[in-house]
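Participant: These protein sequence lines are chains F and A, in that order.
Heads up, the first sequence stops at 349 in our numbering, and the numbers go up one at a time, no gaps.
Heads up, the second sequence stops at 349 in our numbering, and the numbers go up one at a time, no gaps.
Take the hints with a grain of salt, since some may be wrong.
Note that identical chains are pooled: a pair holds if it fits in a single copy or bridges any two copies.
Restricting the straight-line Cα-Cα distance to at most 20 Å, the calculated cross-link-like pairs of lysine to any residue (SDA-like) are [to be verified]:
1) Lys169 / Ile3
2) Lys227 / Lys305
3) Lys227 / Gly242
4) Lys119 / Glu48
5) Lys193 / Asp204
6) Lys229 / Phe175
7) Lys111 / Glu28
8) Lys229 / Glu127
9) Lys305 / Arg265
10) Lys169 / Val236
11) Lys169 / Lys227
12) Lys284 / Glu79
13) Lys47 / Ser344
14) Lys169 / Asp237
15) Lys80 / Glu337
16) Lys227 / Phe336
17) Lys305 / Glu221
18) Lys229 / Thr44
19) Lys159 / Ala135
20) Lys305 / Glu226
21) Lys169 / Thr235
Since the hints were derived computationally from the structure, they do not count as laboratory data.
Number of protein chains: 2
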Amino acid sequence: MIENTFYSEKEQGPYSNYNLGDFSLAEGGIIPNCTLAYRTYGTLNKEKNNVIVIPTWFSGTSKGYEPYIGAGRALDPEKYFIVVFNQIGNGLSSSPHNSPEPIAMGDFPKVRIEDDVKAQHQFITEHFGVKEIALVVGGSMGAQQTYEWAVRFPDMVKRAAPIAGTAKNTVHDFLFTDTLMEAITSDPGWNKGNYTSHTEVADGLKRHANIWAVMGVSTEFYVQEKWKLFGTETVDEFMEGFLQPLFQSMDPNNLLSMAWKWQRGDVSRMTNGNLEEALGRIKAKVFVMPIDEDMFFPPRDCEKEQQMIENSELRLLHSIVGHFGLFGAEGEAYFEQVDYHLSELLAE
Amino acid sequence: MIENTFYSEKEQGPYSNYNLGDFSLAEGGIIPNCTLAYRTYGTLNKEKNNVIVIPTWFSGTSKGYEPYIGAGRALDPEKYFIVVFNQIGNGLSSSPHNSPEPIAMGDFPKVRIEDDVKAQHQFITEHFGVKEIALVVGGSMGAQQTYEWAVRFPDMVKRAAPIAGTAKNTVHDFLFTDTLMEAITSDPGWNKGNYTSHTEVADGLKRHANIWAVMGVSTEFYVQEKWKLFGTETVDEFMEGFLQPLFQSMDPNNLLSMAWKWQRGDVSRMTNGNLEEALGRIKAKVFVMPIDEDMFFPPRDCEKEQQMIENSELRLLHSIVGHFGLFGAEGEAYFEQVDYHLSELLAE
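Please take these sequences and the hints and turn them into a complete structure.
Facilitator: Here is the structure:
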């Protein structure tokens, strides 16, 4: 367990913790007193049928979804009871950096997407008595969790909107994630996960950020000098003043825990590797929402999965920012699209 | 100067060396007795107007173009005198690993695309008395040199076909190349370029290969399991049996020298940064030939440049292999396209 002020309410906005007890993991082992950090908006109605679940993306926290939620938006707290779940390993929920011995740091057990969804399911059923979810929506690893929800709890999930993510991770994404992990683990300061401060891994975290700069946005992002969307005047400022410090403030083991999980996201684990059968289980109405300029969750990968889901539509989002379009740096030009599709889905 | 058997005729096929004398570089400094390694096919005709020049891509040698050249192909040695030039730094021409003190290894001077083209021009004029080039064609960094030829020697170059490359390197490519370089320089074995064998940098070269696996091919390459084109049965075999050993057999300083050069390829250095003016100088008929699945020289980047060239056409190549389509692993499905376009261009 080490200090890292990045993972605080001051940096990440308000959130609450729920103690799941001794939480058993798919890969074996447990997280004792596993903490699930969450943030809610709005009020659970009497029928308990106005619940929207939103799981976080890689490296992100509940703060990342703030701009998606608000009065007048599709994700409207005046109508819905919205629960944003921080995935295990993200630094707010139980994670390598905040766990005590014997699961601290490099000894943190392997966590899978299904563990997150089971944890979220346990919380929402035992804490709120919820039996029906109006919508699960999330971006990237949040999309992986969204698919897992829809396949694992088909009678409970009424609608699902995976944004910029897949039900079964691709080989290309696995290899891409390898490079992100190697950028960190190649730093001698990482020391097999046994550093005393994340600042000892600053070089590795910088290389990690640099790879994100290549794959996280689009080639056209740079042609059109869209780094200005992030409040930076030059590409050097985008790198040195935004992207590198962002990842350098995070915990290396947390990032590695999430990356390992991302690599293995696969709903077909529930059906002996048969993806068509797994996606065939879904009873929810599904809008599959890839981002057109996404370099590692390209629309055609997402469309292949959409076509295996009976009650589904492909709804393409446009963002020159590519995968990082999820951050919402384009403002209303992006959120108007998200709202348009999610409003239609919620009206179904 | 160190031993590396990868850079031998046994591995790279036959080639000849030309001594350029003390060769002055754009960034300052000289390469004493600079060696330009080249391979020729066919015979220079009496009019000396049947010359085709082909410069090499990043990490490649003259061997890479073997499948492009042959009787019945567009690049036909029975009609043309074909000169394949190994770029400086590629391990056959003067390079960090094969140069003596004081420019050995980490002390090798910075080389630019324009240095390569000036070296090739010096050779072809003083050795063969050539005054006209029927065609310059090359892929990737070979395309950068092709553009440089057409802009720098507009009266000499009659036709040009840059394949999968740009006249002015993009910001995205610059950042991508940074990650390739960091993969190597982060290896303690690299030791600022002062290793005694490239095997001391095996970890860094492996990471370098792993990043190529993400950007060098396409997402669809993995979906369609196209690693079989490289004679490998599984993706692990593609990585561990082909891509990693390939780059691990190369010299780290050589790769870094070429990468630095690639990052700064820019014909508008001749026109105070005005790309339109630079490309406006071209008198050659130009076919701009991007590969549709290329992740870092996407067709739209190439098309923007094509539109600045008066006598030009965009000729798109299809390859599911993406940028590494250049290697020709798809066989005739790829080379038939190349031949079709180059034959038309040569008939102009």
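Participant: Each hint needs a verdict: does it hold in this structure or not?
Facilitator: Right, here's what the structure says about each hint:
1. Proximity of Lys169 to Ile3 under the C-alpha cut-off of 20 Å is found in neither arrangement, the shortest distances being 34 Å within a copy and 46 Å between copies.
2. With identical chains, the CA atoms of Lys227 and Lys305 are at most 20 Å apart between copies only, with a shortest distance of 18 Å across copies and 30 Å within one.
3. Taking CA atoms no more than 20 Å apart as the test, Lys227 paired with Gly242 passes inside one copy only; the shortest distance there is 15 Å, against 39 Å between copies.
4. Neither within a single protomer nor between protomers do Lys119 and Glu48 lie at most 20 Å apart by alpha-carbon distance, with minima of 23 Å and 78 Å respectively.
5. In this homomeric assembly, Lys193 and Asp204 come within 20 Å of each other (Cα to Cα) both inside a single copy, at 15 Å, and across copies, at 16 Å.
6. For the identical chains of this complex, Lys229 and Phe175 are inter-copy neighbours only, at 18 Å across copies versus 30 Å inside a copy, given an alpha-carbon limit of 20 Å.
7. Only within a single protomer do Lys111 and Glu28 lie at most 20 Å apart by alpha-carbon distance; the minimum there is 6 Å, versus 50 Å between protomers.
8. In the homo-oligomer, the alpha carbons of Lys229 and Glu127 never lie at most 20 Å apart, since the shortest distance is 45 Å inside one protomer and 50 Å across protomers.
9. Taking the shortest alpha-carbon separations for Lys305 and Arg265, only the intra-copy value of 18 Å comes in at or below 20 Å, while the best inter-copy value is 39 Å.
10. In this assembly of identical chains, the alpha carbons of Lys169 and Val236 lie at most 20 Å apart only when taken from different copies (17 Å versus 34 Å within one copy).
11. For the homomeric pair Lys169 and Lys227, the shortest alpha-carbon distance between copies (19 Å) is at most 20 Å, but the shortest distance inside one copy (31 Å) is not.
12. In the homo-oligomer, the alpha carbons of Lys284 and Glu79 never lie at most 20 Å apart, since the shortest distance is 27 Å inside one protomer and 66 Å across protomers.
13. With identical chains, the CA atoms of Lys47 and Ser344 are never at most 20 Å apart, being 22 Å at best within one copy and 74 Å at best between copies.
14. For a Cα distance limit of 20 Å, the shortest separation of Lys169 from Asp237 across copies, 18 Å, qualifies, whereas the shortest one inside one copy, 35 Å, does not.
15. For the homomeric pair Lys80 and Glu337, the shortest alpha-carbon distance inside one copy (18 Å) is at most 20 Å, but the shortest distance between copies (60 Å) is not.
16. Within a single copy, Lys227 and Phe336 get their C-alpha atoms as close as 17 Å, which meets the 20 Å cut-off; across copies the closest is 37 Å, which misses it.
17. In this assembly of identical chains, the alpha carbons of Lys305 and Glu221 lie at most 20 Å apart only when taken from different copies (12 Å versus 25 Å within one copy).
18. Within a single copy, Lys229 and Thr44 get their C-alpha atoms no closer than 37 Å, and across copies no closer than 55 Å, so neither meets the 20 Å cut-off.
19. For the identical chains of this complex, Lys159 and Ala135 are intra-copy neighbours only, at 5 Å inside a copy versus 66 Å across copies, given an alpha-carbon limit of 20 Å.
20. In this homomeric assembly, Lys305 and Glu226 come within 20 Å of each other (Cα to Cα) only across copies, at 15 Å, whereas the closest approach inside a single copy is 32 Å.
21. For a Cα distance limit of 20 Å, the shortest separation of Lys169 from Thr235 across copies, 18 Å, qualifies, whereas the shortest one inside one copy, 37 Å, does not.
Hints 1, 4, 8, 12, 13, 18 from the list above are not met by this structure, while the remaining hints are.
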